[in-house]
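Input sequences plus hints: build the corresponding full structure.
Chain order of the listed sequences is B and S.
Residue 101 is where the first sequence starts when you use the numbering used here, and the numbers rise one by one after that.
Residue 92 is where the second sequence starts when you use the numbering used here, and the numbers rise one by one after that.
Honestly, I wouldn't trust all of these hints.
To be verified - What follows is a list of derived Cβ distance ranges for each label pair:
#	chain 1	residue 1	chain 2	residue 2	range
1	B	E166	S	I103	42 to 48 Å
2	S	Q135	B	G128	16 to 22 Å
3	B	E166	S	G153	39 to 45 Å
Derived from the structure by calculation, the hints contain no laboratory data.
Backbone N, C-alpha and C fix where the C-beta goes; we use that ideal spot for every residue, glycine too.
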Amino acid sequence: AQSVSQHNHHVILSEAASLELGCNYSYGGTVNLFWYVQYPGQHLQLLLKYFSGDPLVKGIKGFEAEFIKSKFSFNLRKPSVQWSDTAEYFCAVPGRGSQGNLIFGKGTKLSVKP
Amino acid sequence: KAGVTQTPRYLIKTRGQQVTLSCSPISGHRSVSWYQQTPGQGLQFLFEYFSETQRNKGNFPGRFSGRQFSNSRSEMNVSTLELGDSALYLCASNRLSGGAYNEQFFGPGTRLTVL
Chain B
101 AQSVSQHNHH VILSEAASLE LGCNYSYGGT VNLFWYVQYP GQHLQLLLKY FSGDPLVKGI
161 KGFEAEFIKS KFSFNLRKPS VQWSDTAEYF CAVPGRGSQG NLIFGKGTKL SVKP
Chain S
92 KAGVTQTPRY LIKTRGQQVT LSCSPISGHR SVSWYQQTPG QGLQFLFEYF SETQRNKGNF
152 PGRFSGRQFS NSRSEMNVST LELGDSALYL CASNRLSGGA YNEQFFGPGT RLTVL
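Here's what the structure looks like:
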């Protein structure tokens, strides 16, 4: 069965620090991977996605993620975080049966200290 | 283009009551999915509707139901509310054109509190 695990529940960084959030997946089909972000009081929105091709994926706001098939990982990275990156980050894979079914990890709350 | 809208944004109910939440997808999007978000369980898929038909369903009891109208708007209903139903209910819409996977766009959610 498909599943996603995110290792870090809460990460606290100072501005300009580098960020890496872990995501491991278990998925039986063609690998599609997503990172979503939920800023305080805002909608859940897509940061980036991997479907195929280059395993290093660039997303919005300077985020990137690397798909490593041998490790079943899709870690999210940003070289230098800003206070405005404070949010909750979710890794996701498609669930069974239809595109409208996403399986999310439990999320990682990122707090950036100014 | 307007985003996904959900009404109401906040709702307070008591145990045993029922509740109906509404979602209007992005214009042209025909698929609507519902998710429940709680601190303990995270985001969990409830169901998905496409062309007024339920395409997929998550592991929730039959008290949770939904429907979709011909204009793609969707409602979800929870009957006999329990304290554990307190959550943020998110709606997402998807263009669902054939072929490649399409992005889901999420609404702001309805915050349901059951007392």
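These are the hints, each one checked on the structure:
Distance hint for E166 (chain B) and I103 (chain S): a CB-CB separation of about 44 Å, consistent with the stated range 42 to 48 Å. Checked against the hint of 16 to 22 Å, the pair Q135 (chain S) and G128 (chain B) passes, with Cβ atoms roughly 20 Å apart. The given range of 39 to 45 Å is respected by E166 (chain B) and G153 (chain S), whose C-beta atoms sit roughly 42 Å from each other.
Against the hints set out earlier in the document, no violation occurs for any number.
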